[in-house]
Amino acid sequence: MSGGGDVGGLRQRGGGSGRLDSRGRGGPRPGPLEVARLLTCVVARELMDGEIVAFGLHAELLLAAALLAQKLHAPNLSIRHGLRVERGADLQPAAWTSERAGRSHERVEYLESHDAILDVASPASPMRFCDVFFVGGLQIDREGSTNLIGIKGKDGRMKVRGPGSIGTTSIGTLARHVILFSGEHTARRFVDRVDYVSVPGWRHRAAAGLAGGPSLCVTPLAVFEFADGWMRLRSVHPHAAEDDVRRRTGFALPAGPVPVTAPPTPAEKTALEVIDPFDRLAAVDLAPDGGEP
Amino acid sequence: MSRAQRVCGLQEAAALARDGMVVGLSGFSYQNPPMAMVRALIRRRLKDLTIVSGPTSGIETDLLIGAGCVKRVVTAGVAFERVLTIAPAFRLAAERGEIEVWECDECIWHLALKAAAWGMPHVLWPGGAGSSLPELNPDLREVREDGRPYIRVPPVRPDIVFLHAAEADVYGNVRAAREAYLGRTFSEKSLALASRGPVIATVERIVEHEEVAASPERTLVRGALVVEAPGGAHPGGVSGRYVPDLEHYREYAGAGEARRRGDPVPYQRYLERYVYGAEEPEDYRRAIGGDRLEHLRMAPP
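As given, the protein sequences belong to chains A and B, one line each in that order.
Every letter in the first sequence is one number past the one before it in my numbering, and letter 207, counting from 1, is 207.
Every letter in the second sequence is one number past the one before it in my numbering, and letter 135, counting from 1, is 135.
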């Protein structure tokens, strides 16, 4: 299963310079690690005890968030990480890297074959696929639809071929709780309407006869929620400026005061030191300043 | 009478694939792609293949596209994870209209193989309604039953399937490494069950039949034709044996991106160096640097 994580980054690797807009709310400009840690806390706070959370193999930040939730308030959270169900105290070397030290096998308690992605199962089954599913996209629109298929040119034909919808479409329509996650915050990513729909948002779902839609969208600069099926700002991160966030969003957002995202609490900070002792979160695919507009 | 062995050579197995065939390739992202076989298929200059790979595939699909062997892909994605979001040859060929893409996601990909394995004219699937998949893929249809939306998925039947695994015995019992931790099995069984032709497994090592029979729970596929091809997933990794060579992926991605931007030379050089000019396993090992695989090998647990 591959699904969550920031699967949509068209920008070059390392595109996030770590330098932040001078219109930020003050304080020293946070680097990639601090922004990644804040986002980890934001995501962790959404994960509830007893839930099953699922995401793809490359989503270190989401894994860290799940581990953080397990440590702080959700000891019975199950983590479905790619094809494995695992528990763990800290962020291990990425499965694909040749770092061998510290890789442990004991943490994996269940291995799926890949076609088990079809076993969505009853929402009441203890073996259900997941409760919470993370989805990314090349484009994300104001009703929460995502697109990994491609981007249209002016002539209405596909100009940029995307990677494909990977594991997002079906689980993204069937999961009880879909959270969108984006490693960048640009008007290129956040568009009024996606060119193609990999995972349907509120209106596309309604048109197909499905209730609900994604509940949240987490970016390096802000958190969106949905009201009547449209995105609005739930909070802006402490290092970001609201007007910059609005400028970097390719559709109008409701006006009104927007709270600041709660920074990591002392308990979260302490737990993060345990979960990520080697600052692996500094290297996740994330543009701390939102990315090149 | 003694039991027939099911072992053959790489070239011999590659010769079973023909122009225009529907070719199943197992592997998942960086994991277990049958690359030695893919390179052998390219050297045979095959044309017009339909590649059923993945469900989320990588360099095995991209290289075949880049070498001009492919007319259609049935896959949920072609990407190199964090090395490159969109595989370069796939992107270029799709943008130019040189290949068709059977638009799907991982569930629908698996379901199309299940429909073939089960002998069903189609299966209904509750996921994916409201997406663009039915509009982009003429084989998929959004239908309603009892007021609920479903996607109608037809069977996809490979003519031949290639996979790469850790071990097999000479009778075609293919198995994963005990140490596999990323996922013991990927899409080997799904593809094999859907195949209307041979299943060929390249493996790191042929092991004694007695060893296989001692741990039958590790056997993933039976009845395969077995080819011993150590290092045969490189630059991909083999779960429990060696990790992917991300440096090599970056080299390939660089060559592919250069070609996409108009400079075909690095990609051509890649093909000459690692495919056309590396017919023998020793040639390939030399091309990647003699002890490269040793550096990628996973320590025993």
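Bear in mind the hints are in silico, worked out from the structure with no lab data behind them.
Incorrect hints may have been included.
[Stated by the list, open to error] Here are the simulated lysine to aspartate or glutamate pairs, EDC-like style, with alpha carbons at most 20 Å apart: (1) LYS152/A with GLU98/B; (2) LYS269/A with ASP279/A; (3) LYS152/A with GLU95/B; (4) LYS71/A with GLU51/A.
Okay, the hints, checked on the actual structure:
1. Between LYS152/A and GLU98/B the CA atoms are separated by roughly 17 Å; this keeps the pair inside 20 Å, and the hint holds.
2. Taken as a hint, the LYS269/A and ASP279/A pair is honoured in the structure, with Cα atoms around 12 Å apart against an allowance of 20 Å.
3. A C-alpha spacing of about 11 Å is found between LYS152/A and GLU95/B, which places the hinted pair at or below 20 Å, so the restraint holds.
4. The suggested pairing of LYS71/A with GLU51/A holds, with an alpha-carbon distance near 14 Å, which does not exceed 20 Å.
No hint from the list above goes unmet by this structure.
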